[in-house]
Structure formats: C-alpha cells, structure tokens
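Chains as they are written, first to last, in this note's numbering: chain A, 1 to 118; chain B, 1001 to 1405; chain C, 2001 to 2106.
Derived from the structure by calculation, the hints contain no laboratory data. It cannot be assumed that every hint is accurate.
Unchecked claim - Computed footprint of chain C on chain A, listed as stretches where at least three residues anywhere in the stretch have a Cβ under 8 angstroms from a Cβ of chain C: (1) 2-12; (2) 24-36; (3) 105-115.
Unchecked claim - Straight-line alpha carbon distances no greater than 27 angstroms define the calculated BS3-like cross-link-like pairs of lysine-lysine that follow: (4) K10(A) / K1180(B); (5) K2022(C) / K10(A); (6) K82(A) / K1368(B); (7) K2003(C) / K82(A).
Glycine included, each C-beta is placed from N, C-alpha and C at the ideal position.
Next come the chains, spelled out residue by residue.
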Amino acid sequence: MDLVRDILDKQLLDQNGVKMGKIDGLLLVVEAGRQPHVTHIQLGAVVLARRLGSLCGRIVEEIAARFGGEERRHPIMIPWSKIADIGVDIELAIDSRKSPLSDVANWLNRKITARFGG
Amino acid sequence: MKKLLEISLGIVTSIGGFLEAGSLATALQAGAGFRFDLIWAIALGTICIAFLVEMSGRFAAVSRHTIADAIRERFGFNFFLIPFAATLVVNFALLCAEIGGISLALQYATGVSCRIWGLPVGALVWVLLWKGTFGFIEKGVSMLGLITLCFVVAAFMLKPPWREVATGFLPTLPGHDLGKYLFVAVSILGASISPYLFMFYSSGAVEDEWDESYLVTNRLIAGLGMSFGGLVGIAALVTAAMVFLPRGITEIDSFDKVPVVLNPVFGLWGFILVVSSLGIACLGASLELSLQQGYLVAQGFGWNWGEDLPPRADPGFSLTYTFTIAVATLPTVLGADPMRVTLLSTSLTALSVPLGVIPFLFLMNDPKYVGEHRNGWIGNAAVLFIVALGFVLALVTLPLQMFGS
Amino acid sequence: MAKQAIRLELLIGKSVLGVGNKVIGPLEEIVAEQRGGALVIQEYHVGSYAVMERLSAWSIGRAVLRLFGATRRSGGYRVPWAEFDLSDPDRPRLRCPVSELAPLRD
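Please model the complete structure; the sequences and the hints are all you need to start from.
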C-alpha cells in the first residue's frame, strides 16, 4: 500500500464506527540491517503543528503542555497492531470511549456541553 | 414515489433557501442602479452554483465523503490549511452579515435597534442548532423561506417591459459608472457562488445518507432548485428596477431603503412581506453557515460530527458552531452597518472562491473518489470560467471600491 | 546505526540526495507491505510525477500545470529500502548510484 496516498491523513474509526480523528503522523523505526517498519499511528495537534514547521511545532507543544500537563507535549500513539481494517477509512480495534483519545471530548462534555443540556 | 417526494422537497428547500442578505442586497442594488443590465450576472452565478451543487451531491453520494474531508485526505494537511483558512474567514464574515440581517428585520418590525437584537438572534440560531435535527432545520426553515416568492409575484404585477428584461440576460457594458457596475457584478457572483453553499450540500448529502441511487434526484434538485432560486433573485432585481429607479433611488447603500420596496404592489402588506423575507432568509443562511463552520473544522480534523447527534456525542463540532455564532453577533452588537458587512463579505467571497473550487474540481475528476461519475468537460469548463471571471473582476474592482467610497 | 524513530510525515517532500550530495528529487511516496502484525517498508518513490497522482485530474491537472510552466522533468525512481539511507532524517540519501535504480512508470 502507498502510505501517503492510502494511510496518511485518512479517517480513523473505532470499533463502533465512531470517528477518532485523522492519521496525523506515522512513526517509522529504522535500524541497521533490518527492514524499516511503521510501529505507531500518531495523532494530535502537536503532530500537525510540527508538519507546518519546527517553530510552529514547538509553540503548540508549549501551549499543550501548559494546558494539559507534560504528557500532552507528546503525540497520541496508537500501535499499528490495533488496526482492524484498511479501506476507505481506517478501522481500529479500540473502543474510543475507553481510550485517552476521548479525554478532551469528555472534558468538554463535563465542563460545557452537559451544562447546556447537550 | 419516495424519491419524488424527496426531489420536490429538495427543490422547494433550494428555492426557499436561495435568497439571503448578500443575494438580496446585491440584486436590489443591481436593479436600482442599472435597471435590467445585470441580470446576466445573477444568471451566470446561478449556473455556476447549480453545477457546483450538483457536483457536490454527486461527490458525496458516490464517495460517501464530504468535500472538506476529502480535501484533507487527498492533498494532505498542509495544503488543506489554505482553502480551510480562506473558507473559515469568508463563512464567518457572511455569518456576521446574516445575523445583522435578522437583527435589522426585527428592528424594522419592532422599532427596537438591531444592536439590541444581536445577542437574542445569536441565541435563537444557537438553540435551533443545539436542540434541532438536520431534517428539521433544512426542511422547516427553508419552507418558511418560500415567503421570498413575494418578489416573484411583485415582479409580474409590476408589468416590466419583458423584452428589456430578456435583453438583460446578455452581458453588456453600462452607459455609466463602469467601476460601480463591475463591483456590483462581482458582488452578485460572490453572493451566488459562496463556498459554504456547495460544501454544506455535501455534508447534507452525507447526513441524509445519500448513495449512488440518488444521482438523478441530486441532478434534479441541483438543476431545478438552483434555477428557480435564481429566478427569485432576478425577480428581486426586476422589482428594484421598477420601484426604485423611477423614483430616483439608484443607490441602495443601506438596508433601510429596502422595507418599502413592495409597497407599490402590496400596500402595507408589502412592508410585512419584505421584512419577513429578510428575517427568514437570513435565518436560514445563518443556520447553514454556522453548521458549515462546525462541519469544516470537525471534518478537517476527523472529529465526530452530525447535526442529528446530540451535542455530547460530538462536542468538538457543537462547540465550534457555538463559538462561531457567539463571535459573529459582535459586529451587529457593536453597531457595524449590516449593508457594509454584507457587501464586504460578498467581495471577499469572490476573491477566495478559487481556493475552494479548484481543489474540489480536482476531486471531481479523480476516479478514486467518484469512480466512473467523473466530471464531463462542460462542467469543468463552465465552473472554471465563471470562477476565474469572478476572481479577476474582484481583483480589479475591490481596490477601486475601497478607495472610491 | 542505532535504532531510530522517525516521523514519516516529515520525510515526505524532502529532497533526496545522491552520490556527491546531488539532489535527485523529492521523496513523494513510501510503499509498504503488511507482514503479520507489522507494516514493513518495501520501497521509496523519489522525484516522480507521483505528485500528479495526488492531484489526479488528468486533463485538468496537465492543463493547469502547463499553464504554470511546470515542464516535465525526468521521470522518478523506485528506491528499494536497503538503498535508502535515513541515518540523517533531514537529509535522506541514496546508497547506490541513480543508474542502478528502476524508473517509476508514469
């Protein structure tokens, strides 16, 4: 498969068909003598910002760390082994409600959406 | 049978939803300032948006993707930012104008200043989206928009010289004020070909779960709906030409001149019809624009989205439109003149339309997304030509207008 | 070379260097294969009209590109994974001469 054409920037779905963001980045592991392989899918504003430039990446990392703590400085990583199916969208064998991916959405719901009867 | 009902509903929705602050203001200005000479601009804009809307529906039905989705997926995030940013800005400017339009309508109806109506209007738009479903908003409000047909009735009752009206379909140069003429032409094109119109249509098609069996339905809705909608716009132009021009009113520089335009035909009811048309048309556009901002951001980043979902199922989407509506009330509240905001946003649109349309045209020719339902050369050529025309005219006339007025 | 973790999305578009630090072309595409639970890289596509693939409206694309004066460069190359040196991720380079590479069909 062509990674740029078929994988990068494509929609991710969890096992219930809930949209989980797009594939913002891919982690490649390279070592001497071995065929390079993709180990993780990467998600997050920090990944996207870095694609725009290293300065942009650093700024967004700082903002993320300030609002969400040090761990938010790093991308969300999903092991490649979690992929269930690759088609028009990429389906994962994960329940998004149980994963850290829902953290921001849950926080928004608690603080804002629920207050207005959403 | 069910499809027939859908087609009828779709056409009615398109007609009811066609007029809004921009198309109304520019049509009235065109009629008052240049009689029937600018009918060709409305016709050209309508043809272009009909093509784009049909492509948009076809794209969503075949690829099961929305346009914003597909632009990021096909061209990558970095490229996507360009049409994304341009469309965000233009949509926002338009939304400010529409909220201004609703507030003005309420001002004319009640005598209370539109600045006070700004926040309540924003709250109304928000509540309808927060609590409503896609079907209710699309069909319900657009059906109410049929009130704008009062312009069509008025245009006939005013007995315009039909031969001269027909000549207006052919582009001519005016006898006076070339700069202003071209500026109004550009504004008409911008009001007709707003990116939110065809992007929203693809999101709607996905919300309604269209598939390949809807291709004919789509063609009929886009073709007939937009064409009849364009006729409403032309009717508004003809009405303005027959009412304003003979009375020496050639400049519609404020919406304040507008509410009496149908009085010669309907008496006091004319006032009620115009004010209602303005308010309802702008309400429909506000709802669509707010939703489209939400769609654009949510689809670009891959978040969950859907007007039929409760807000807690798609908080990113819901809070995006919430935030947009809140900020878009500010110009009205702060006293910005709705007419100036409207004309500014239509010009901005004409300038930025190529950024949204060109990637979309690439997608419409990509077999990976639309399979064998690719664009024919006519569609490509028509859209490219009209969009390029609008862009060039905007480039030429905007500086003139900015420094002239 | 120790184990390296590289962000793939940042590699795309980088200029690939050949022998003598000569620029061969941009890295356009990476072809991989699912083997068991792992996704292994087979080859890299360099300096090709894979960019045309991405903007794949053929008649429109060519017409627009011609309009903007983008003339045909030589076709691209397929680089097998073993011949691609990523020890410096900012400057990817070939391990073999260009003449040994298979061309990319358009």
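Quick rundown of the hints versus the structure:
Coverage of the stretch 2-12 of chain A by chain C holds. Counting CB-CB distances below 8 angstroms, 5 residues qualify, and the rule asks for three or more. For the stretch 24-36 of chain A, the assignment as covered by chain C holds, since 11 residues bring a beta-carbon within under 8 angstroms of that chain's beta-carbons and 3 suffice. Coverage of the stretch 105-115 of chain A by chain C is violated [criterion: at least 3 residues with CB-CB distance below 8 angstroms; count 0]. For the hint pairing K10(A) with K1180(B), the CA-to-CA distance comes to about 46 angstroms; that exceeds 27 angstroms, so the pair is violated.
A threshold of 27 angstroms between alpha carbons decides the hint, and for K2022(C) with K10(A) the separation of about 34 angstroms lies outside it, so the pair is violated. Of the supplied pair hints, the one linking K82(A) and K1368(B) holds, its CA atoms being roughly 26 angstroms apart against a limit of 27 angstroms. Restraint check: the Cα-Cα separation between K2003(C) and K82(A) comes to about 23 angstroms, which is no more than 27 angstroms; the hinted pair holds.
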